[in-house]
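Number of protein chains: 4
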Amino acid sequence: MGGPEPKEGGRELERIIFFSDAVFAIAITLLVLELAVPEVPADRLGAALAEQLPHFFAYVLSFLVIGQYWMTHHRLFRHIRRYDIVLIWLNLLYLLGIAFLPYPTALLGAYPTTPLVDLFYGLSLLWPTTVSAVLWFYVRRRGFLSDELPPDTQRQLGKRAIATAAVFLVGAGAAFLSIYAGVFCWVVVLPFVRMLVVRRF
Amino acid sequence: MGGPEPKEGGRELERIIFFSDAVFAIAITLLVLELAVPEVPADRLGAALAEQLPHFFAYVLSFLVIGQYWMTHHRLFRHIRRYDIVLIWLNLLYLLGIAFLPYPTALLGAYPTTPLVDLFYGLSLLWPTTVSAVLWFYVRRRGFLSDELPPDTQRQLGKRAIATAAVFLVGAGAAFLSIYAGVFCWVVVLPFVRMLVVRRF
Amino acid sequence: MGGPEPKEGGRELERIIFFSDAVFAIAITLLVLELAVPEVPADRLGAALAEQLPHFFAYVLSFLVIGQYWMTHHRLFRHIRRYDIVLIWLNLLYLLGIAFLPYPTALLGAYPTTPLVDLFYGLSLLWPTTVSAVLWFYVRRRGFLSDELPPDTQRQLGKRAIATAAVFLVGAGAAFLSIYAGVFCWVVVLPFVRMLVVRRF
Amino acid sequence: MGGPEPKEGGRELERIIFFSDAVFAIAITLLVLELAVPEVPADRLGAALAEQLPHFFAYVLSFLVIGQYWMTHHRLFRHIRRYDIVLIWLNLLYLLGIAFLPYPTALLGAYPTTPLVDLFYGLSLLWPTTVSAVLWFYVRRRGFLSDELPPDTQRQLGKRAIATAAVFLVGAGAAFLSIYAGVFCWVVVLPFVRMLVVRRF
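Listed in order, the protein sequences are those of chains A, B, C and D.
Quick note: the first sequence uses my numbering, first residue 39, plus one each step.
Quick note: the second sequence uses my numbering, first residue 39, plus one each step.
Quick note: the third sequence uses my numbering, first residue 39, plus one each step.
Quick note: the fourth sequence uses my numbering, first residue 39, plus one each step.
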C-alpha cells in the first residue's frame, strides 16, 4: 500500500493518544448504564438486588478488563514515536473493540450461564487483543518505535503480544465450556503471563 | 459581519480542538448504547442475536464513519493558526452533526431496508461534510491557515472538501435507492477520492 | 469565610478547565440519547419522524445553548489566573446546571406546548447564568483576574454578566407564556446583547 | 510483591490523571440519565414532576459528592511524583467506585425511604473513600510523594484520610437508620472535618 510518508509524532500523536484515552474512559464509565434499577415493591428489593449479582459481576469483570487494556495501550504507545494513516486505522479498529465491550458485558449480565454468551464475551475480548498484536508488529516493522527501545526488548514485547492473544483465544474457548474457566484465564493466567515479561523492562 | 478581530491560536485553539475531540470520542462510544440486549429465553438467544445483525452492521459502519470524520477534522485543524467567533460557531454546527449520528445509526439498525431511513442516514452524513467544506473556505478566505501551507496545497485541499461533499451528496441519493449503494459510496468511493489528494501533501 | 489562601493557577487551573470542558462535551453529546427511535411499521415511519419534530427542535436548541455557555465559560476562564476552593465550588454548581440540561431538553421535546415545561426549561437556563454572574463578581472582588485585564474591561464584563442573567430571567418568564417568545429571547436577543459588549475587547 | 521499579511521573502520570478526570466528568454527567421524563397527560405533569423530587434530590446529592471526590483526588495526586503498577491498579479500583455511583443514585431516587437502599448508597460512598486511604498510605510508604511535602503535612493528610473514611463508615450506618442522618454526615460533618485539616497546608 505504501501510502503517505510516516510523520513524526509530537502534537499529532498526542491527539491520537488523547482520543484513545477518552474512548477508554467513556467505555469504562458507560458500563454502569447496563445496571437497571429493579422495579419491585420495596420489601422485595433485597431479593431483586441479589438476583442482579451476575450483572454486578459482569460490571466488575469488564471494568477490570478495560482497565487492563488501557494500561497495555498506555505501555504500547509510550514507545511509539512516528505514525502513519495505517496506524491510525489500526488504532481505530482497536478502539471499536473497546467501545463495543459494554454490549457483551450487558449480555453476560443477562445470560451468565449461556455458553453462547460466554463465547461471545470471550471473542469480544479477543478482538482488541488481536488488533493490538497486529499493531505492534506493524509499528515494529515500520520502525515507528523509539530508538531507545533495544531490539531485544522489542522482541520480548512482540512475544508478549502473541502470548496475550493466545491466552485470550484459549480463554474464549474455555468460556464456551464454563464462564469460570474463561474468567480464570483472563484474570489469573493473563496477568501472570504479562508479569513474566514486564519484569524484563 | 466583521465582528471582533481574529485571535492567534495557542492555548485557546487547543481548547477548541480538545472540545471537538471529546465530542468525537463520546459520540463514537455512545453508539454501543443503541445495541439492546435481547429479552428472550436462553435457547432462542442465538436467533435473536442473528436478528440484530443490521444493528451490528450499523454500529460498525457509523464507528468507521465517525472515525473518518475525526481524522479529517484532525487534518483540517492542524493547519489552522488563527480563529474568530465565526469559526467557533461553524465548528459547533459541525459537531452538532457528529453528535447527532448515534440517532440515524439506531434508526438504520432498526429499519435497515427502509429507503426513507437510508436517505435520512445519508443526509445526516452530508451535514458535517458540508459544514466542514464551508469551514475550510472560511478559514482560507480569512487567512487563518498556517503560512507554511503553500497556496497550491490550499487549493488542493479545497478541491478535496468539495469532492468529499459531492460524494456524500451522491451517496445520500444512492442510499435512498439501496443502502448498499450508499455504503459503497461512503466506504469504497470516498477513501479512494481522499487518497488521491492525500498523496499530494 | 476566609478559607485557605488562593493559589496561583498553572497546572491546577488547567485541570479545572479540562474538567469543565469535559462536562460540557459530555452533556452536549448526551442530548442525542433523548431521541428515541420510533417503533412503528416501516410504512408509518415518515409520520412518526414528523411527530418527533419537537424533539429535534429541542435537541438543536439545547445544543446551541450549551455551545453558547461553553464559549462564555471559555472567555471567562481565559482571564482567571488564581483560584481558591470557593471558586471550585462555584464552578461545580455551574456545571451542575450544565450537566442537568439534557433533562429539561427531553421534557421540552415531550411536552413542547406545556407552559409549565417551558418555564422549567427557562429556569434551567437561568441557573448556570446566575451562578456564572456570581462567579464573575467573586473572581473580580478577590483579584483572581489577569492583571492585563484593564479595570474598565472588567466593569464591562460585569455588566454583561448581569445583562445576560437579566435576559435569561425575562426569557424564562416569556417561555411560560409561549416557548417561541422564550426562544426568541435566548437565540435572538441574547447574542445581540452579548455582541454589543464583545466588541469592546 | 515488589514488582517493577517505580517510574518517574512526567507524561505518564499526567495520562493517569487525565484518565481519572475523564471518568469523574463522565460519571458526574451521566447522573442526569437516571432522570426519566414522566409519561403522563400534560395537565398531570406538575404532580408527576413533584413525585420525582427524590430523584432530583439524589441527583444533586451525588453531583456534589462526586465533585467532592474529584477535588480530593485532585489534591492527592498533586503531591504524587512517582508511580508503579500497584498505584495504577489502586487508582482503577478507586475509579470503579466512582463510575459505579450513578447506579446507587438511581436506586436512591427510586427508593428514597428504604433503609436497605440508604445503606447500599452509603456503602457505595465508603468504597472509594477506603481505597483512597489505602492509596495514600501506599504512596507515602513507597516514597512516591513530592519531596517538598514536609513529613508533618504527610502525617496530617494521613490522619485526614482515616478521618474521612471513618465519617463515611459512620454515615453508611446512619443512612441505614435514616437517609437524612446519612446525608447530614456526608454533607455537613464531612466538609467540616476536612476543613479542619485543609487549614494546615
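Just so you know, the hints here were simulated from the structure itself, not pulled from any lab data.
Glycine is no exception: its CB is placed at the ideal position from the N, C-alpha and C atoms.
One or more hints might be untrue.
Which residues of chain C face chain B? A partial, calculated answer using Cβ under 7 angstroms [unchecked claim]:
1. Ala63
2. Ile64
3. Thr67
4. Leu73
5. Val75
6. Ala80
7. Gly105
8. Asp122
9. Ile123
10. Val124
11. Trp127
12. Pro188
Label pairs and their in silico Cβ distance ranges [claimed, not checked]:
13. Asp81(C) / Asp81(D): 17 to 25 angstroms
14. Tyr176(D) / Val225(B): 42 to 50 angstroms
15. Asp81(C) / Val225(B): 27 to 35 angstroms
16. Val226(D) / Glu77(C): 46 to 54 angstroms
17. Val226(C) / Arg193(B): 32 to 40 angstroms
18. Arg179(C) / Val231(D): 27 to 35 angstroms
19. Ala74(D) / Gln90(A): 56 to 64 angstroms
Hints versus structure:
{"no.": "1", "hint": "Ala63", "result": "4 angstroms, holds"}
{"no.": "2", "hint": "Ile64", "result": "6 angstroms, holds"}
{"no.": "3", "hint": "Thr67", "result": "4 angstroms, holds"}
{"no.": "4", "hint": "Leu73", "result": "5 angstroms, holds"}
{"no.": "5", "hint": "Val75", "result": "5 angstroms, holds"}
{"no.": "6", "hint": "Ala80", "result": "5 angstroms, holds"}
{"no.": "7", "hint": "Gly105", "result": "4 angstroms, holds"}
{"no.": "8", "hint": "Asp122", "result": "22 angstroms, violated"}
{"no.": "9", "hint": "Ile123", "result": "24 angstroms, violated"}
{"no.": "10", "hint": "Val124", "result": "24 angstroms, violated"}
{"no.": "11", "hint": "Trp127", "result": "22 angstroms, violated"}
{"no.": "12", "hint": "Pro188", "result": "16 angstroms, violated"}
{"no.": "13", "hint": "Asp81(C) / Asp81(D): 17 to 25 angstroms", "result": "33 angstroms, violated"}
{"no.": "14", "hint": "Tyr176(D) / Val225(B): 42 to 50 angstroms", "result": "49 angstroms, holds"}
{"no.": "15", "hint": "Asp81(C) / Val225(B): 27 to 35 angstroms", "result": "29 angstroms, holds"}
{"no.": "16", "hint": "Val226(D) / Glu77(C): 46 to 54 angstroms", "result": "47 angstroms, holds"}
{"no.": "17", "hint": "Val226(C) / Arg193(B): 32 to 40 angstroms", "result": "38 angstroms, holds"}
{"no.": "18", "hint": "Arg179(C) / Val231(D): 27 to 35 angstroms", "result": "29 angstroms, holds"}
{"no.": "19", "hint": "Ala74(D) / Gln90(A): 56 to 64 angstroms", "result": "19 angstroms, violated"}
In summary, the structure is inconsistent with hints 8, 9, 10, 11, 12, 13, 19 from the numbered list given earlier, while agreeing with the others.
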